[in-house]
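Here is how the chains run, residue by residue.
2 protein chains.
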Amino acid sequence: MMSKEESEVYKANENFYEAFESFDMAKMEKIWHKADYIQCFHPGWGMLRGWEPVMTSWRRIFENTDEMRFLLTEVRVEVRDSLAWVTLYENLTNRLGMEVSAAVVLTTNIFERHPVGWLLIHHHGSPVAQPPTPIDPSTVH
Amino acid sequence: MMSKEESEVYKANENFYEAFESFDMAKMEKIWHKADYIQCFHPGWGMLRGWEPVMTSWRRIFENTDEMRFLLTEVRVEVRDSLAWVTLYENLTNRLGMEVSAAVVLTTNIFERHPVGWLLIHHHGSPVAQPPTPIDPSTVH
Numbered sequence: 000m001m002s003k004e005e006s007e008v009y010k011a012n013e014n015f016y017e018a019f020e021s022f023d024m025a026k027m028e029k030i031w032h033k034a035d036y037i038q039c040f041h042p043g044w045g046m047l048r049g050w051e052p053v054m055t056s057w058r059r060i061f062e063n064t065d066e067m068r069f070l071l072t073e074v075r076v077e078v079r080d081s082l083a084w085v086t087l088y089e090n091l092t093n094r095l096g097m098e099v100s101a102a103v104v105l106t107t108n109i110f111e112r113h114p115v116g117w118l119l120i121h122h123h124g125s126p127v128a129q130p131p132t133p134i135d136p137s138t139v140h
Numbered sequence: 000m001m002s003k004e005e006s007e008v009y010k011a012n013e014n015f016y017e018a019f020e021s022f023d024m025a026k027m028e029k030i031w032h033k034a035d036y037i038q039c040f041h042p043g044w045g046m047l048r049g050w051e052p053v054m055t056s057w058r059r060i061f062e063n064t065d066e067m068r069f070l071l072t073e074v075r076v077e078v079r080d081s082l083a084w085v086t087l088y089e090n091l092t093n094r095l096g097m098e099v100s101a102a103v104v105l106t107t108n109i110f111e112r113h114p115v116g117w118l119l120i121h122h123h124g125s126p127v128a129q130p131p132t133p134i135d136p137s138t139v140h
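Chains as they are written, first to last, in numbering that gives the first Met the number 0: chain A, 0 to 140; chain B, 0 to 140.
None of these hints come from the bench; they were simulated from the model. Be a bit skeptical, because a hint or two may be false.
Which copy is meant is left open, so a pair is good if it fits within one copy or across any two.
[Claimed, not checked] Straight-line distance between alpha carbons at most 25 Å, and here's what the computed SDA-like set of lysine to any residue pairs gives:
| # | residue 1 | residue 2 |
| --- | --- | --- |
| 1 | K29 | L118 |
| 2 | K33 | S81 |
| 3 | K33 | M0 |
| 4 | K3 | E111 |
| 5 | K3 | R48 |
| 6 | K33 | D80 |
| 7 | K10 | K33 |
Please work from the sequences and hints to get the whole structure.
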């Protein structure tokens, strides 16, 4: 059973992946806190820090993919005061033209509580050599 | 200029890499908080959660490497209340027998404040395709 705060963070995390799937920059901008210290580490990329570099990276991803779908597994939420971190596997399928590929990405997302709600301040996704097994069915959403 | 708390976290992070280089399990055990929610994501590995799985992974790494040296770059520390996160590049060289290899790992470490000091609760390291350039000289240690 999740606490009220954990549920809020869980929802904020889901909103992030909905914004990701939507390829809508306006939605993605609402997910993140607009601050110099935000960071985004895409799988295999280097360190990106600050609003402009992070948003530019999303624009590039959105422009170079036609469709993307996420199935999130092993989602775990931890909250301490004004910070929360979420870990999960992104089981993702993406399409560019006729080419469809699948990948598993292991992710750490850090959220910070603000008057408007929990905002993403750190995304770290990294490639996983093999699909995770076994999956705990209770964490599949 | 770092605050007192940031300096403490910076030092805790350095201690982690000293424990890593020492291959000494007793030292590594002192770095981590002994809790069910600790997690460790080694580059390319899957999700490890809890004391035993995390410590077993360090034992395996220590047993399968003869020497390892880290040069940390772009080290950044953020502190909020009882939590802190550190991001950096691990420029590492490791040796097993006559074989020496180098790699760059992009890392997020989360520390939690406890009566004994800042303890590691989350380590997420991921492979980077290319060495980071340019390096900001002010962050080389």
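Cross-check of the supplied hints:
1. Only within a single protomer do K29 and L118 lie at most 25 Å apart by alpha-carbon distance; the minimum there is 8 Å, versus 32 Å between protomers.
2. Taking the shortest Cα distances, K33 and S81 sit within 25 Å of each other both inside one copy (16 Å) and across copies (23 Å).
3. Taking the shortest alpha-carbon separations for K33 and M0, only the inter-copy value of 23 Å comes in at or below 25 Å, while the best intra-copy value is 32 Å.
4. In this homomeric assembly, K3 and E111 come within 25 Å of each other (Cα to Cα) both inside a single copy, at 15 Å, and across copies, at 22 Å.
5. With identical chains, the CA atoms of K3 and R48 are at most 25 Å apart between copies only, with a shortest distance of 23 Å across copies and 30 Å within one.
6. Taking identical chains as interchangeable, the C-alpha atoms of K33 and D80 lie at most 25 Å apart whether they share a chain (20 Å) or sit on different chains (20 Å).
7. With identical chains, the CA atoms of K10 and K33 are at most 25 Å apart within one copy only, with a shortest distance of 19 Å there and 29 Å across copies.
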